[in-house]
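Number of protein chains: 2
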Amino acid sequence: MVFATAVGAGTTQPAQGEDPAWLHEPGAPFSAYGQPAQTERGTTRRIGANRAVAGNGVSFTPLDELEGVITPNGLHFERHHNGVPRIDPARHSLTLHGQVEQPLSFTVKSLLRYPMHSQMLFIECGGNSNAGWHTEPMQRPAGSMHGLVSCAEWTGVPVSLLLDEAGVQPTAKWIIAEGADAGAMNVSIPLAKMRDDCLVALYQNGERLRPENGYPMRLIVPGWEGVLHVKWLQRLELADQPVMARNETSKYTELMPSGKARQFTFTMECKSLITSPSHGHTLPRPDIYQVSGLAWSGHGRIRKVEVSADGGRSWAVAALQTPVLARCFTRFRIPWRWDGRPAVLMSRASDEHGHVQPTRAALIAERGRSGYFHYNGIVSWAVDEDGSVAHTY
Amino acid sequence: MVFATAVGAGTTQPAQGEDPAWLHEPGAPFSAYGQPAQTERGTTRRIGANRAVAGNGVSFTPLDELEGVITPNGLHFERHHNGVPRIDPARHSLTLHGQVEQPLSFTVKSLLRYPMHSQMLFIECGGNSNAGWHTEPMQRPAGSMHGLVSCAEWTGVPVSLLLDEAGVQPTAKWIIAEGADAGAMNVSIPLAKMRDDCLVALYQNGERLRPENGYPMRLIVPGWEGVLHVKWLQRLELADQPVMARNETSKYTELMPSGKARQFTFTMECKSLITSPSHGHTLPRPDIYQVSGLAWSGHGRIRKVEVSADGGRSWAVAALQTPVLARCFTRFRIPWRWDGRPAVLMSRASDEHGHVQPTRAALIAERGRSGYFHYNGIVSWAVDEDGSVAHTY
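Heads up: the sequence lines are chains U and L, in that order.
Take 1 as the starting number for the first sequence in the working numbering and just add one per residue.
Take 1001 as the starting number for the second sequence in the working numbering and just add one per residue.
Next up, chain U with everything else stripped away, as it sits in the complex:
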């Protein structure tokens, strides 16, 4: 494998034709709230909704069209069970109750008075990349298979402050979080995690939350599976055991080869994905290309990302864009000289706690063939002689 360090793509050819009109006519006036350029309107979330229930499904972040680590708010992935409620914040509140000394209720206005914490964090759906369990490699753009993960700066009130104010009874071990959608989506989260680093978020990338991301308040559970980040948060109930809700029993659990099911598999594992080049791209000719992608781990910081261009026989260490932050996207990049022969590009992430992204084969050996959630196997992109890029196993 040959990795290169530079590229020359400038041309000495002068611009052709008449001056475009925008060089001679005054441009558009100021705008109160900006939108993407007309010529970029094709960069959208990719929606996969239930045909019978329009508000049940997902929309994917188009990771293969983005760069850096921030996901702009308009493109943050969605997973809804019953659509996006249009909540009047003046009529919404969060109730903290159950095994507490004093049940409390918080409005947006009251939460805004608490100390805030900001953190750049990824959120990944437990079902992200689940097509990786298919027998044949799904032929879709990288974002349309792996884009149920996004990264934003979340700002909110530490849950620990609210717990301290209410007073937690010693019997409490779990918190049951519930959203204010018509499905009243609920899940159970260990109290220790909630005390440790969870937030009731009010802001996303600087501005107030978007409706589809939980406006006016959302639970943030750093590094843990997306379903726990309850949107439109309206209730936190302290209990001595989990509630055994639909989304922690019939869903978001996994049948293992032993015949038993895994449950409460909270942490999103160490993972990476080459976003460019990736499925659907075409390399026009043998030349130097910049391999770029994302790595993340629910355990902490990414320590290393290795890239292979020969299907995993040899590996080179990619550069990591700084700062490398815990439970946040890390952008990796490495230049690669394509010689025109078939190649298989792969990336393999390692985190600071020693977790290494497994091969698909190793993942299947461990988890069996009934997997659906928590797919974090290495993703392989096959570059054909004609420069086309496709998903391969």
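These aren't lab readings, by the way, just hints derived from the structure by calculation.
Some hints here could point you the wrong way.
If you anchor each label on the Cβ, the simulated ranges turn out as follows [claimed, not checked]:
no., chain 1, residue 1, chain 2, residue 2, range
1, L, D1088, U, E136, 33 to 43 Å
2, L, D1088, U, D384, 53 to 63 Å
3, L, D1196, U, A192, 24 to 34 Å
These stretches of chain L come out as covered by chain U in the derived footprint (C-beta under 8 Å, 3 or more residues) [claimed, not checked]:
no., stretch
4, 1079-1087
5, 1198-1205
6, 1328-1338
No residue lacks a Cβ here, since even glycine has one placed at the ideal position from N, Cα and C.
Here the structure of chain U is known, so what remains is to put chain L in place on it, guided by the hints.
Just chain L now, with coordinates in the frame of chain U:
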């Protein structure tokens, strides 16, 4: 001055009235590109355009309504001289010429093939906060006076790579950058800075640039004044001297008390601003309040932000949100117990290179009364007995 550490704003009062409809009706379906909640549509850029020339003016980021450090793309400040050109990226190119070995031309497509670099950086207009030079304190929200500064993750191609490819002649000392708006806005930037850390940016907060922020390509000049971050970049000309353009002679220069004018005052100085509470806010009663604000320095990292509640007689050190990054917004926060008496809130930033934000009096002593650009004096908010907050000197 008494600084406090906690707050209790939860209420034991249960929610009143009938269930809102959103708890019982399916919500809205998925959206391709999300927008702010209907109830947050009042959070917009605040436009100040020339009455005669609609495309000449500014729009301010509403800093007093935001939290964290990222400015969402829809709210990034604008400064245009002749409106926002609607550029077809297929017909746009960047020409690198002048004192080079080989003139080169780059399209968006060719730039996308180069190694990329991402960095979270503030951009501040040299004229930001210029109402600070007024004799009377301007009574406007914090963002409407100081919001010609925003912060985003910019991703692009290091200018040094393009320079290396073209080959720089030894006589070259400056680069003249020009935009593709109808004003052909141009400025001169020292070659050394361009080599050091400047970017031709293609992405802003993960997605392609917004039209009003330079789509399809913009020069990024970390920590230096906004006018240098040429939008719609179409030309970089290497020269042995600056071009002495309008925006570096009649504008963006400053008459000093000596009668001489300062020119090429590139670096944006160490500065901070309390965004909450700030002008227009009202504290409902004596209680604990969270003081929150932003600090930044074009020289590097913020080292310390001090906050005073007694008009500068005593100071306390605020907490800095991590990571603290060079030439990026740093969010600071400190709780404050308001006793109901008149108070004057101030913040004072220091950076890692020893620069300390000056008082307004010190700034005027140094710069005189003809100042317009580079105002970085300490901002004071007066809290009245009735809880109202106003700008004061």
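What are the numbers of the hints that this structure violates, sorted from low to high?
Violated hints: 2, 3; rest satisfied.
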